[in-house]
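Taken in sequence, the protein lines are chains A and B. Heads up: the first sequence at position 108 corresponds to 108 in our numbering, and the numbers run straight through without jumps. Heads up: the second sequence at position 99 corresponds to 1099 in our numbering, and the numbers run straight through without jumps.
Simulated from the structure, these hints should not be mistaken for lab results. Every value quoted in this text rests on a predicted model; they were computed, and no experiment measured them. Be aware that one or more of the hints could be misleading.
[Unchecked claim] Examples of chain B residues toward chain A, derived with CB under 8 Å: (1) Arg1031; (2) Leu1042; (3) Leu1049; (4) Ile1081; (5) Gly1088; (6) Thr1123; (7) Leu1126.
[Said to hold, decoys possible] In silico negatives: residues of chain A with every beta carbon more than 10 Å from chain B: (8) Leu4; (9) Thr5; (10) Lys8; (11) Gly14; (12) Glu21; (13) His22; (14) His61; (15) Phe63; (16) Leu67; (17) Leu70; (18) Arg77; (19) Met86; (20) Arg97; (21) Ile101; (22) Ala105; (23) Tyr108.
C-beta: ideal position from N, C-alpha, C; glycine also.
Here's the letter readout for the chains.
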Amino acid sequence: MRYLTARKRAEGKGASGTGTEHFWHMKVSGVGLALIVPIYLFVFGRALGGSRQEVIDTFAHPFVAILTGLVLFVGLRHFQNGAQTMIEDYSKGTTRRALIIAVTALCYGLTATGLFALAKIAL
Amino acid sequence: MADTKPVERPLSPHLQVYRPQLTSVTSILTRITGNGLIVAVLLMVWWLLAASTSDAYFAVADAVVTSWFGDLIFTLSLWAIWYHYLAGLRHLYFDAGKGMDIPTAEKLGWGLIVGSVVLTLITLLLV
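Pulled out of the complex, with its shape left as it was, chain B reads as follows:
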């Protein structure tokens, strides 16, 4: 091996030189929604643990989970999971080498935004 000194490389995604576009914004949202879902998982696991423990503990967890704060977290998370779901399907499509041309990619982007809102509303209505 010759010189192994680490090279100073910029970290992605170079937001300072990147003009926001539908395709990049929908991609960034995929990451935000996916990672943000950990909040809902934390609340849910805590709520399940409380349900398995005692009436008193469940009362505490349930009060938090069904408060306006809990409603806000779970409603946002419901949208996040549907968005991430559709974005994941889009990834499978992209990975197959399809839909990479700009008009199709932009249509798919709008599909994610509209589709995730529609699916969220349907789920809220049915649950």
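Pulled out of the complex, with its shape left as it was, chain A reads as follows:
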């Protein structure tokens, strides 16, 4: 038992129990994505429709590989937190928990798959 008053335990954390962590994460990842996504749109747009060799050549370039890895990782973390907010707005109880777990698993699965493909192409 920790000798904390109820007020001390609650201070700065609000109803979520995590304070402004979620909000701050969306802000940080959002600004990060704002810097890299426009470049990525052009890289991906130009690679789309090419032959397999052209696609491999594009994504094997170190700059493009790192950029794509960042867009996937940061983008999907940003998506996960955003989707969680939506789920929390429209569902409750078991449905809410199941959906949050499903979205989390989907995001990590997609990130791992994307990074695996990138590693295979670029290394």
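Mind docking chain B on chain A? Use the hints.
Okay, now just chain B, sitting in the frame of chain A:
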């Protein structure tokens, strides 16, 4: 703790009692575009995985991704990402406590709609 029985609260955003306005519609669109982008990410990761695997697998994924269906998804997603991008910038501005008065908020709303279409067309032209 006294009574911990959960209170029956309505879920947001109370669409049944809310008159659509430019500010609310542009806010809802931010959510739709952001969440909808997962479709493009799924297609893109699948296409990359196929490219890393084999010629035969790439042929299948590439056929889907460059079909009319793929073109539709990626064109809509391009608009969605630009819309979400501008909406995110607007969020940073709002979070700083600026632009909250109605005339400015409405101008920013139109800025999102027009700006996202313009940026989409520019990207389509340049790519």
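Which earlier hints turn out false for this structure, listed by number in ascending order? 19
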